[in-house]
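S.K.: What follows is each chain in one-letter form.
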Amino acid sequence: MENFMQYIVSGIGTGSLYAIVALGLALIYRSTRILNFAHGDVSTAGVYLAITLLGMNFGYGIAYAAAILFGAVIAMAFYFIVLVPAQRRESTPLSQIILTIALGLIIQGLVSYLGGTEPQAFPHPLSDSTVYKMGPLVISELSIGTISAGLILCLLFYILIQKTKLGLAMRAVSENLPAAQTMSIPTRKILAFSWSLAAALGVTAGLFLAPVLLLEPFFMLEPFLKGFAAAILGGLNSLPGAIVGGLILGVAESLAGGFISIAFKNTLAFLIIILVLLFRPEGLLGKEFIERV
Amino acid sequence: MDLIESYRDEIQLVRKPWTRAWVGGLLLLLLAIPLFSSDFIMYVATLIFVYSIGVQGQNILIGYTGQISFGQAALLAIGAFTFGHLSRTGIPWPLCLLAAGIVSGLSGILVGIPSLRLKGPYLAIATLGFGIAVYQIFVNSEFLSGGRMGLTVEKLQPPIDISKVQFNYYFNLLIALIFTLLSYNIISSYMGRAFIAIRDNDIAAEVIGVNITRYKLLSFAISSFYTGVQGGLYSQLLGYLEPNMFTFMEAVTLFVAVIIGGLASVEGSIMGAAFVIIVPQLLSEFKEMVPVVYGITIIIILIFEPRGLYGRWMKMRLYFINWPFR
Chain A
1 MENFMQYIVS GIGTGSLYAI VALGLALIYR STRILNFAHG DVSTAGVYLA
51 ITLLGMNFGY GIAYAAAILF GAVIAMAFYF IVLVPAQRRE STPLSQIILT
101 IALGLIIQGL VSYLGGTEPQ AFPHPLSDST VYKMGPLVIS ELSIGTISAG
151 LILCLLFYIL IQKTKLGLAM RAVSENLPAA QTMSIPTRKI LAFSWSLAAA
201 LGVTAGLFLA PVLLLEPFFM LEPFLKGFAA AILGGLNSLP GAIVGGLILG
251 VAESLAGGFI SIAFKNTLAF LIIILVLLFR PEGLLGKEFI ERV
Chain B
1001 MDLIESYRDE IQLVRKPWTR AWVGGLLLLL LAIPLFSSDF IMYVATLIFV
1051 YSIGVQGQNI LIGYTGQISF GQAALLAIGA FTFGHLSRTG IPWPLCLLAA
1101 GIVSGLSGIL VGIPSLRLKG PYLAIATLGF GIAVYQIFVN SEFLSGGRMG
1151 LTVEKLQPPI DISKVQFNYY FNLLIALIFT LLSYNIISSY MGRAFIAIRD
1201 NDIAAEVIGV NITRYKLLSF AISSFYTGVQ GGLYSQLLGY LEPNMFTFME
1251 AVTLFVAVII GGLASVEGSI MGAAFVIIVP QLLSEFKEMV PVVYGITIII
1301 ILIFEPRGLY GRWMKMRLYF INWPFR
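Protein sequence lines, in the order shown, are assigned to chains A and B.
Just so you know, we're using this note's numbering here: the first sequence kicks off at 1 and counts up by one.
Just so you know, we're using this note's numbering here: the second sequence kicks off at 1001 and counts up by one.
Take the hints with a grain of salt, since some may be wrong.
Computed from the model, here is a short list of chain B residues facing chain A with C-beta under 7 Å [to be verified]:
no., residue
1, Gly1024
2, Leu1118
3, Ile1125
4, Gly1129
5, Ile1132
Stretch-level coverage of chain B by chain A, calculated; a stretch enters the list once three of its residues show a Cβ under 8 Å from a Cβ in chain A [claimed, not checked]:
no., stretch
6, 1136-1147
7, 1246-1260
8, 1282-1295
9, 1301-1312
If you're looking for bench data, these hints aren't it; they were derived computationally from the structure.
C-beta atoms are modelled at their ideal positions from N, C-alpha and C, and glycine is treated no differently.
Just need the whole structure built from these sequences, with the hints factored in.
M.R.: Okay, structure coming up:
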C-alpha cells in the first residue's frame, strides 16, 4: 500500500510535466489542426541555450527566461516564415504536419552540431537528492517543484484562456477562423501567439525534465511522444483533456513500472492508449467526430 | 498526357516507342555501371536499390492510400530479424526473403486494424505505439536480438566468378526491378485505383462499392511486405543486425524519402531513396548536418514543389517537349 502511494506520487510528478507538454500540443492542434512534431525539439533548443548561458555564469532566472523566450521566438519565426507561405499555397494538413517534422530535423541537426552529442548533466536550483518525508512517503525537492510548477502553469493557462480578452480571441480563432476574421480579430497574430505560447510551455517542461534525464540532443523525444500520447488520450481538441490525459498517463506508467516490469514501461503506456483509442477514438474528453458527407 | 484509346493502352506500362527507348537505355546503363565504376559507387547504388523497395512500399501506403504510419521501422526490424533467424537455421535465402515479407505483411495488418477507426494524428500515434512496442521487445529480448553482440547473418556468396560487390549490385538490382514492376502493376490495377479512391475520399469510395476494410488492410499488408523484404535484403547485405538500427529516426528517414521523392509516384520513390542514401554519404564529414539538409529540402519542396522531385522532373520534361513554346 505504501509502495502504491509512492508510485502514485511520483506518477503525478512526471504526469504534470506530460500535461504541460500535452497542453502545448493540444493548443496548436486546436487552433491550426496541425500536429506539431517539432514541439520536443524546440524545447531542446531552449534548454541548450539555458545550459550555454549557465556556463557563462548567468543566473538561473536570466538563463531560464532567455530559454523560454528563445523557444517562443523559434516557434513564431517558424509560423511566419514557413507555415504562412505554405498556407498561402494551399498546402494540405498532412504536408503542414510534415513541415513541423522538417523543423524538428533542422533543430536536431543544429543542436547536435553546436552542442555536441555527449550527454551532459543539467544544473538546477532545486536538488534531486534532498528528500522530504511525509509520513510513509518520500518526495524529493525537485518533484515538489515540478508538481507545483505544473499546477501553477495549468492555473495560469486556465485564467489566460477563460478569463482574458486574448483568451477569448484564441478560443474564437480555434472555433471558427473565417468568422473570427470577420469579427476583426487579428487571427494571424493570435495564431502566432498560440505557437509561441505552446513553445514556451514546452521549454518550461524541458527545463524541469533536463535535470532528471541527462541533457542530449534527443532527450525530449520520449517526453514529447508521451505528451503527444497524453494529448490524444484526453482528446486532442480539449485543453482540460490534455491535463487529465497527462496525469493519467504519468500515474499509469509509474504503476506499470513499479508492479509489472520496468523494461516495458513505455510500451505499456502506448498499449493503454491504443486500447482507449479503439473504444473511444475521440479521446476521453474530446467531442465525438461528426463528418458531413 | 497522352491520349488513351483502348483498355490495352491503359494497362500498358510503357506506351510510346520513345519512352521504351529511354527505359531500355536506362536499364542498360544500370547493367553497365559495374564495368567502369569503383566499388564504393556500386555499394552506394546497391543501398539505393534496397532502400527503394521499402520507399515504394511506404509510398503505396502514404502516397496512394493516404494513411500515415510511423511504425515502419518496426516492420523493417521484423523483416530483418525474421530473415536473420531463418537464414541461420540453413533455410535457402529465397524462402527466407519470402518469409520476411510475409511475417512483416501479417504484422502490417495488425498495425492497420486501428486505421479502420482512426484517422490522421490519431492513426499516427497508434502506429507509433506499435513501433515503440516492437523496438522495446527487440531491445529487451536477447533471444530475438541475438544478445549484446547483435545477430550475424550469413552474406550471400557469388555463385559465379565475379567480385562480391558486383554480385550484390546485380542481385539487388534484379530484386528492386521486380518490385518496381510489381508496384506499377498494383497501381494500375483495380487494387491501386481502390487505394487512390480511399485516399481522395473514403466515404465516397465506400459509396461506389470499394470495400474499405479490405483495401485499407491490404494496403498496410502490401506496404509492410515491401518493407519486410527491404529489411531482409538489408540484413543480407550488411551481414549483421542489432535493434538500434531500427529506431524512430529510421521511420522518419523512410517518411522523408517518400516526401522528397514525391507522393504517389513510383519514380519519385526511387529518387527519394537515392536522396536519403546519397546525402549522408556526401556529408560524411558533417554527420550532424544530415537532418538539417533533410529538413531544409522538405521545407523547400513542400512550399515550392509539393509533388516532390518527380513533379519537378515532369515539369522539366514538359518544358522541353513543348519547347520553344511555353
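S.K.: Does each hint fit the structure? Answer for all of them.
M.R.: Now for the hints, and whether the structure bears them out:
Taking 7 Å as the C-beta contact cut-off toward chain A, the hint placing Gly1024(B) at the interface is violated, the least distance being around 36 Å. Given the 7 Å rule on beta carbons, the hint for Leu1118(B) holds: about 6 Å separates it from the nearest Cβ of chain A. Interface restraint check for Ile1125(B): the shortest CB-CB distance to chain A comes to about 5 Å, inside 7 Å, so the restraint holds. For Gly1129(B), the shortest C-beta to C-beta distance to chain A is roughly 3 Å, which falls under 7 Å, so the interface hint holds.
A cut of 7 Å between beta carbons decides the hint on Ile1132(B): the least distance to chain A is about 6 Å, and the hint holds. For the stretch 1136-1147 of chain B, the assignment as covered by chain A holds, since 3 residues bring a beta-carbon within under 8 Å of that chain's beta-carbons and 3 suffice. Counting residues of the stretch 1246-1260 of chain B whose C-beta lies closer than 8 Å to any C-beta of chain A gives 5; at least three are required, and the coverage claim holds. Under the rule that three or more residues need a Cβ within less than 8 Å of chain A, the assignment of the stretch 1282-1295 of chain B holds, with 9 such residues.
Residues of the stretch 1301-1312 of chain B lying with their CB closer than 8 Å to a CB of chain A number 3, which satisfies the three-residue condition for coverage.
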